[in-house]
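Number of protein chains: 2
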Amino acid sequence: MSTPHRVKVSLPEANSRGYEVLVGSGLFASLATALSRFCPAHRYAVVTDDRVAELYAVRLSRMLHSAGHRTDVFAFTSGEAQKTRETWSLVSDAMMESGCGRDTAVIAFGGGVPGDLGGFVAATYMRGLPLVQVPTTLLAMIDASVGGKTGVDTPAGKNLVGAFHQPQCVLIDPEMLQTLPDAHLRSGMAEAVKHGAIADAEYLDWIEDNVESLLAADPQALSRLIMRSVEIKAEIVASDVMECGPRKLLNFGHTIGHAVETLSGYALLHGEAVAVGMVEEARIGERAGVTAAGTSARLRRVLTRLGLPTSLPIDFGADAVVQHTRLDKKARAGRVEYSLIQDFGRPFIGPAGVWGHPVADETVAEVLAGVGSRG
Amino acid sequence: MSTPHRVKVSLPEANSRGYEVLVGSGLFASLATALSRFCPAHRYAVVTDDRVAELYAVRLSRMLHSAGHRTDVFAFTSGEAQKTRETWSLVSDAMMESGCGRDTAVIAFGGGVPGDLGGFVAATYMRGLPLVQVPTTLLAMIDASVGGKTGVDTPAGKNLVGAFHQPQCVLIDPEMLQTLPDAHLRSGMAEAVKHGAIADAEYLDWIEDNVESLLAADPQALSRLIMRSVEIKAEIVASDVMECGPRKLLNFGHTIGHAVETLSGYALLHGEAVAVGMVEEARIGERAGVTAAGTSARLRRVLTRLGLPTSLPIDFGADAVVQHTRLDKKARAGRVEYSLIQDFGRPFIGPAGVWGHPVADETVAEVLAGVGSRG
Ligand SMILES: NC(=O)c1ccc[n+]([C@@H]2O[C@H](COP(=O)([O-])OP(=O)(O)OC[C@H]3O[C@@H](n4cnc5c(N)ncnc54)[C@H](O)[C@@H]3O)[C@@H](O)[C@H]2O)c1
Ligand SMILES: NC(=O)c1ccc[n+]([C@@H]2O[C@H](COP(=O)([O-])OP(=O)(O)OC[C@H]3O[C@@H](n4cnc5c(N)ncnc54)[C@H](O)[C@@H]3O)[C@@H](O)[C@H]2O)c1
Ligand SMILES: [Zn+2]
Ligand SMILES: [Zn+2]
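Line by line, the protein sequences are chains A and B. Just so you know, we're using the numbering used here here: the first sequence kicks off at 1309 and counts up by one. Just so you know, we're using the numbering used here here: the second sequence kicks off at 1309 and counts up by one.
Check the hints yourself; a few may be wrong.
What the hints assert, rightly or not - One-sided excerpt, in silico: chain A residues whose CB lies under 8 Å from chain B: (1) 1434; (2) 1435; (3) 1471; (4) 1519.
Hints are computed from structural coordinates only; laboratory data are not their basis. Just so it is clear, the structure is predicted and the values come from calculations on it, not from any experiment. Quick reminder that beta carbons are idealized off the backbone N, C-alpha and C, glycines included.
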């Protein structure tokens, strides 16, 4: 293994050390060492899903056991449909059954689903256990594992119940992406495009220039993508841990995206829904006069080249989508706030430094229904 | 209403203002004003139980509505048996149903059960809503509402799932205790005795000298008790928000207490179980040579005068109790740590400033089984 690249996530709390995100090809093989160093514990509870477990859990347990770490694996059925309070209860109960106490650290191992669910278990088990994120999907590596958001879905919508719980460290081995299904690799790319769109126009160019090698899962291209995306996310998170300011920017594409994802019954992957969401929200921004003309068209082009959808499924009513955005966590005082960009790398900041832009439901409905010119 | 007495709870986090505990006879009548001042919000979700709702919810809603606050009441069946993940889910879902968003503040209204459960809803709803504690039992006033611990029980034991979530303020009106059943008033006294035992020998004397007026629910005596207990709890909490040091002291009586409470199937009230726990843990301390001789005898006398039990129910096996202490959150690395006192007002602090004293299971079993002299 080459020396891993390290990205520091600084936290503003006076008594917090922040934590490191380690990115290194082959890092998985030295997980035991990394754990001893960054999150020493009497025992480890690995929270994962059955697919990841099938591919990697035996190796993981063996490594940890031979390093002398007592380790139990708690695996649930893979998929967003399991990211529920019920699964959270079952995992917590199984941990109690096996006697995990406050001397246990949780390893959230897998994509964003085990990441969010394992993180929420760690946040709430005996009022909080130390947590290590070991993401294995692109989406989880560049987005879900960094920032401390944990939680589960409820029948009313995504991530409606959860907590902020920062990990002790995040350990990323890009080689684990070799086994990831193509659709999930593409889905993860949507968040990288988002990072370029909100924070770094050059990065967006680089992604567009490297679409082929990225989609071919070229390890070097993927490592570079992961590092830059993690840097961007870490910077934004560090500036605003509790999500009252700049962090809202990360919601670009997600107000519409979440609605679309829920309405599809999770037939659309998260990144696919976010791809649609970014294009639609760029169009909303163009219509509202805050986003430069041509932004949605450029996004549409990059996302299409990455094999991602860029418009609402035809059987989706605009009104149903609007309805769904109203329960969004970003809805305040009855109005829905959108995180918009002025141009690539230039977030929109409203009067008095307010992040987020309230948009009237009718405007959103018109844009979604395709009224007016398509970007 | 006389001007309320204010106790400040300072929090060590750099970016936290801490919060105030207001204690005042008749304060309930000016709740709307206090809320506008200490926790302004677009709307309020009152989480309570059906008994408290029956007694006070109509008045509360009316007051808040006429002050222009949009308010919804979410009441569940009273009792510890309802302090579960299921009730937490139902309340969260009902709040979603009625459209509560991030602009909502939660009012945890009632005893420690609505306090802990409403607090956990606030901690986890959309990853955290502002919270106000309005305790209505003595136990909740002097203990549960201050300190930010929230959570629910699981089949494996009490408070095994939860989060730290500090309120914006705590509003206490001792007059609400006039409707509290006698057994619950006595149960609350156990925690006041604990405060005296761990932090202030004079306060313990004062309680013993005022047993009659306290049990007669004399408003002045109760106000004084609440204020002193809140001060003690606030001081300890401020010194150790995350419970890694001095705060452990508050667990005095609770390692055995929780085991006894669970084993009784909650037939024993929390304070009753803690009364037993304090006497037994004082005896454990005496046996271990850390607690002054006569401590358990004195505790037994005060608690008996308060009408509280002081020994294990005869049908409880010592081994079953020991077994239960092993899942306690205070069990680390397989050993159970007890928070002991040297003498009244003098906590035991081990070598190297370590709080908590590991005690071998056999010693605990012997003491519980009554082997050796009764204190
Ligand atoms: N917490 C956050 O800040 C944050 C940010 C973005 C997304 N999310 C959440 O992340 C979730 C989506 O994450 P996801 O797309 O990773 O979903 P996921 O965890 O379900 O993973 C997708 C699929 O890939 C499989 N898989 C995982 N790693 C693999 C590997 N290395 N090889 C082969 N198969 C593998 C999984 O078993 C699963 O079937 C959503 O629930 C979303 O809300 C959270
Ligand atoms: N969070 C903490 O730090 C902390 C500390 C101590 C205890 N607790 C928790 O508190 C709980 C016990 O609290 P509790 O004893 O208040 O239980 P509780 O909330 O069940 O209240 C006891 C009973 O009194 C009724 N009641 C409440 N206020 C009343 C009033 N003013 N008039 C008439 N009836 C009233 C309730 O309906 C209930 O039936 C336990 O679950 C315990 O774990 C938490
Ligand atoms: Zn996302
Ligand atoms: Zn207690």
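Against chain B, is residue 1471 of chain A within 8 Å by beta-carbon distance?
-> OK, holds: residue 1471 of chain A within 8 Å of chain B, min 6 Å.
Go through the hint on residue 1434 of chain A and say holds or violated, using the shortest Cβ distance to chain B against 8 Å.
-> Because about 5 Å separates residue 1434 of chain A from the closest Cβ in chain B, which is inside the 8 Å limit, the hint holds.
Closer than 8 Å between Cβ atoms is the bar; does residue 1435 of chain A clear it against chain B? Give me holds or violated.
-> holds, 5 Å
Holds or violated: is the Cβ of residue 1519 of chain A closer than 8 Å to a Cβ in chain B?
-> violated, 34 Å
When each numbered hint is compared with the structure, a violation occurs for hint 4 only.
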